[in-house]
Amino acid sequence: MESGDEEDVEKHRIHLRPVTLRSAPSVTLHLLPCEVGVNRPAPVGRFFTPAIRQGPDGLEVSFRGRRLRGEEVEVPPGLLGYVMAMEEKSLGKQDFPGGSDSDEQELVEPPEALERDFDRFMGASASFQRFTLWGLETVPGPDAKVRAALTWPSLAQAIHAQVPQD
Amino acid sequence: MARREDCGDGARARQHVFLLPEYLKDASKKMKSGLMFVKLVNPCSGEGALYLFNMCLQQLFEIKVFKEKHHSWFINQSVQSGGLLHFVTPMDPLFLLLHYLIKADKEGKFQPLDQVVVDDMFPNCILLLKLPELEKLLQHVTEGKEIGKKKYYKYSKEKTLKWLEKKVNQTVAALKTNNINVGARVQSTAFFSGHQISSDKEEDYIRYAHGLISDYITKELSDDLCKYLKLPEDPASLPKPPSKKVKLSDEPVEAKEDYTKFNTKDMKTEKKNSKMTAAQKALAKVDKTGMKSIDSFFGAKNKKKVGKT
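In order, the protein sequence lines correspond to chains A and B.
Under UniProt numbering, the residues of the first sequence are numbered 1 to 166, in order.
Under UniProt numbering, the residues of the second sequence are numbered 1 to 309, in order.
Source of the hints: derived by calculation from the structure; they are not laboratory data.
Incorrect hints may have been included.
Stated by the list, open to error - Computed footprint of chain B on chain A; a stretch qualifies when at least three of its residues, placed anywhere within it, have a C-beta under 8 Å from a C-beta of chain B:
(1) 44-53
(2) 59-73
(3) 113-122
(4) 151-163
Each residue gets a CB set at the ideal place from its N, CA and C atoms; glycine is no exception.
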């Protein structure tokens, strides 16, 4: 379905390929305290990563003439990090490459067809268990917003846990 | 493989950074399909929001997006603007069912669930009917009747408030175990260390938990719950239109054709704490407003307090 995307959005489903969750290679992630207006390949390994130094209280790097201070942030226990991307529409409803060998195994499929022709597909391209959090001039520290956000899953668990029956 | 790496102008496809429960990876070992993102109603705002279904585990997940201004990702050898972090956490489907039960209650009669959970706007809501133990869940918020073999349900506000109170209580317990500072909206522990942090009162915890739960129910029900919990009216929240506050974390998902925006308005943090002066922080601390929505949990909306006397 090429046209009418705007309305499809309410109705279609984005299928996350389960196979990609188990095959995703690990990735190096940096969360930077600045805006970069584009999404594209960048020579991170050539200019950024080699410039990272271990300072007296954390990591240091110079980026765009500013001094960044960084620290490693672990993904909370029980969670896994993934980088995901949408597949091109043309791929559509077909077996995902790499999933073909698992066809031999007995894979559970939901009893009815959940994938429709106009649905889209998404896959994990990489996984991570930690990332480097950077602050401008200062180490982000325990008050960093993203650290507060990382406690959300344990709170959400309490909000959404079933309550005892009377 | 016909996978295109660019989007015409040399830009790579947008990459999304997610945190998922680890067991979804284990579950994926047995799955060929059955993991899907769909748009369903946000039971608080009535707008659309993105959810994840695992049809094999028969589980629903909500997706919250953490966004802090002026951030971006380096992902291996690429750059991704926005710096968004998506949280996928299990969601109690009863909040969504409740939305439809309350809507259907306008008819004032007992109805079978498949007549209640219908939505022209979000037809994927029928997936909710595939979740397990719905009957057990529905006992918390409905009166039930069985005629022949068929079950009929009717929304019960009384039971719902009881159920929500239990939700509030278990959230309060989690707030305490996680040491979340519920009295102050600004988590500036370093600055206020020692004397300023007063021990948070029980009422503050209840109010905070009420705010979190309110992000999953209608404004009207939230107000009723506030009375039911006997929370004193908060003078600070009176002059403001309260609905606006709840709305903050529940703006519609502006999903355009690529459907990749998710609800980025969620959990958006507007300003950095570090930009505040000590006086502003002190002011912010005094300003206790009524509801703590999920937004406020993820970061204080300092912008609202600055300039307030």
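So, going through the hints one by one against the coordinates:
Check result for the segment 44-53 of chain A against chain B: holds, 3 residues qualifying (beta carbon to beta carbon below 8 Å, three or more required). Figure legend: the segment 59-73 of chain A, annotated as covered by chain B; annotation inconsistent (0 residues with Cβ-Cβ distances under 8 Å, at least 3 required). Under a criterion of three residues with beta carbons nearer than 8 Å to beta carbons of chain B, the stated coverage of the segment 113-122 of chain A is upheld, 5 such residues being counted. For the segment 151-163 of chain A, the assignment as covered by chain B holds, since 13 residues bring a beta-carbon within under 8 Å of that chain's beta-carbons and 3 suffice.
In summary, the one numbered hint that this structure violates is 2.
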